[in-house]
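Those sequence lines, one after another, are chains Y and Z.
Okay, so the first sequence: first residue is 1 according to my numbering, each after it adds one.
Okay, so the second sequence: first residue is 1 according to my numbering, each after it adds one.
For the record, the hints were derived by calculation from the structure and aren't laboratory data.
Possibly wrong hints are sitting among the right ones.
[Claimed, not checked] Calculated pairs, DSSO-like style, for lysine-lysine (alpha carbon to alpha carbon, straight line, at most 27 Å): (1) Y:Lys141 - Z:Lys60; (2) Z:Lys183 - Y:Lys141; (3) Y:Lys76 - Y:Lys51; (4) Z:Lys238 - Y:Lys136; (5) Y:Lys141 - Z:Lys64.
[Said to hold, decoys possible] Just a sample of chain Y residues kept apart from chain Z, beta carbon distances all over 10 Å, derived: (6) Glu2; (7) Asn9; (8) Thr27; (9) Met28; (10) Pro59; (11) Asp92; (12) Pro174; (13) Gln182; (14) Pro257; (15) Thr264.
[Stated by the list, open to error] Sample of chain Z residues at the chain Y side, in silico, Cβ under 8 Å: (16) Thr134; (17) Met223; (18) Gly233; (19) Leu237.
Where a beta carbon is used, it is the ideal one built from N, C-alpha and C, also for glycine.
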Amino acid sequence: MEQMLRAQNVRFRYDPEQPVWALDGVTMDVKKGEFVAVLGANGCGKSTLAKHFNAILLPEEGTVLVEDMDTRTEEKLYDIRQKVGMVFQNPDNQIVATVVEEDVAFAPENLGVPTEEIRTRVDEAMKMAGIYEKRKAAPHKLSGGQKQRVAIAGVLAMRPDCIVLDEATAMLDPKGRRQVMQTIDKLRAAGVTIVSITHYMEEAARADRVLVMSGGRIVMEGTPQEIFAQTGRLHSYHLDVPQAAELRDALEAEGLPAPKQIITPDAAADWLFELLK
Amino acid sequence: MLRDITIGQHFPGDSIVHNCDPRLKLVATIGYVVVLYACGNAVGVALSILLLLALYAIAKVPVKLILKSLKPIVPIIAFTGIINLLFYPGETPLVSFWIFNIYPEGITFAVLMAVRILALIAGTSLLTYTTSPTVLTDAIENLLRPLSKIHVPVHEFAIIMTIALRFIPTLVDETEKIMNAQKARGAQLDTGKLGQRLKALVPILIPLFISAFRRADELAMAMECRCYRGGAGRTQLKVLKFGKNDFLCLGFCVVTFGIILATRWVFPVIG
Ligand SMILES: Nc1ncnc2c1ncn2[C@@H]1O[C@H](COP(=O)(O)OP(=O)(O)OP(=O)(O)O)[C@@H](O)[C@H]1O
Ligand SMILES: [Mg+2]
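With the hints as extra help, turn the sequences into a complete structure.
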């Protein structure tokens, strides 16, 4: 079993009376253990696609497979939701309970996991997300970054194989975003498949693969280096490139050819250092 | 202003009152209120107050907190006190003026009633001070569970309670933000006639409701993503256990409540 998620020719519209397709023929796949970033302007259908991965929405045409399960099979619904965890933008609206550890226990409780095992899962998930010290705290007293990590821990307690983050860092300050990114790095090291929808190009630059969406379709696909080398095309989809790539383009325009793979601050710094030596 | 509204002010601690089984605490609190009213004599009421003070001392809840919880009900007590004083019938009036007669029986009854209301509030406050809302919700769910056999939606009530408790602080914060935003636009919330003030509330309530509905929508989706499917087949992180200490507490309650109730047959019943 190689693929974690597969979408084949998925079409979806919110209003079946109107010919407006939120997803208009999406074909993509995500390998096990891969970290895929999804980019796209507002309203291009990223969230709609994300909600297809754990059967919150079902395709009108085409199929979505999670491992080998079709998301339309009703008997498999909770197996699918357990395998693919979802984290949303606003942490406040994902936390159910009044104490951190009880919120993290919410999913295993729903799954009917025995009490002793809930305890181990909850502790494990909280340590993974780095909020174990806050386990007795009330969620509303935590910072945005901490709350979002509580939400991640709440999903991890299901022991999912894949986590889909829908702009999970969008409402956070730089510190909170860094904390969440560190947690994502940890999950990645633990072999969890990650699909991250983001507007931050610096985050996308760290992914294994980048997908660009526009008008309900996938219009570009490739490694971050490949994608961020095409500044002009990205601009046409109303997207930016990482600052390092912008610097690279600016230098190039001044007649200083820079290698295309420069997309992270570190790579830019190394190259400049070599150049100026 | 809004920050003062707290439901279930919890005062964390590690005393036996805190650690006692919440189901026992809940039932004992109800029992205490019943005994307080059923004993019907001054000695019994005095004993119940002594018991309560002792429990507060064991729980190490500061006296300041008790006074704080009693403050809001002072007007109610004053009101019922005056009504009792003026209208309680007796034999020989102590004072008479206009159409009112005040009898000595009226005075004793009014005082006893006022003291009982105070003890009632202080007693139930002890429960909320020493038990976190979440634990209390668990206890209520646990006690009512037999009712789910006759299709009373016990789990649903419990999850509604939990979510309400979880979102009260969030919505209070949000209300404050909206109020500040409207004030910045020149809304006058604290001045003007009553009608004007009520009108000024509309631009606060509408955004608040819209945002609450949006939150509810997102929360429902997040709960679905975490495999929520109602109460059936659900397990729990924390299972309530009735331990040895709880049996001791139960014995203590039975004995003290019994003594207080027994005063009814020893001393004259008032009212
Ligand atoms: N619940 C809904 N009902 C009707 N239409 C919707 C609904 N949710 C989204 N849409 C529409 O579907 C399209 C795709 O929306 P979607 O939320 O997937 O975009 P997105 O890429 O996630 O955008 P953003 O970056 O703003 O989150 C948009 O045109 C949007 O207006
Ligand atoms: Mg979106």
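Violated constraints from the hint list, given by number and in increasing order:
11
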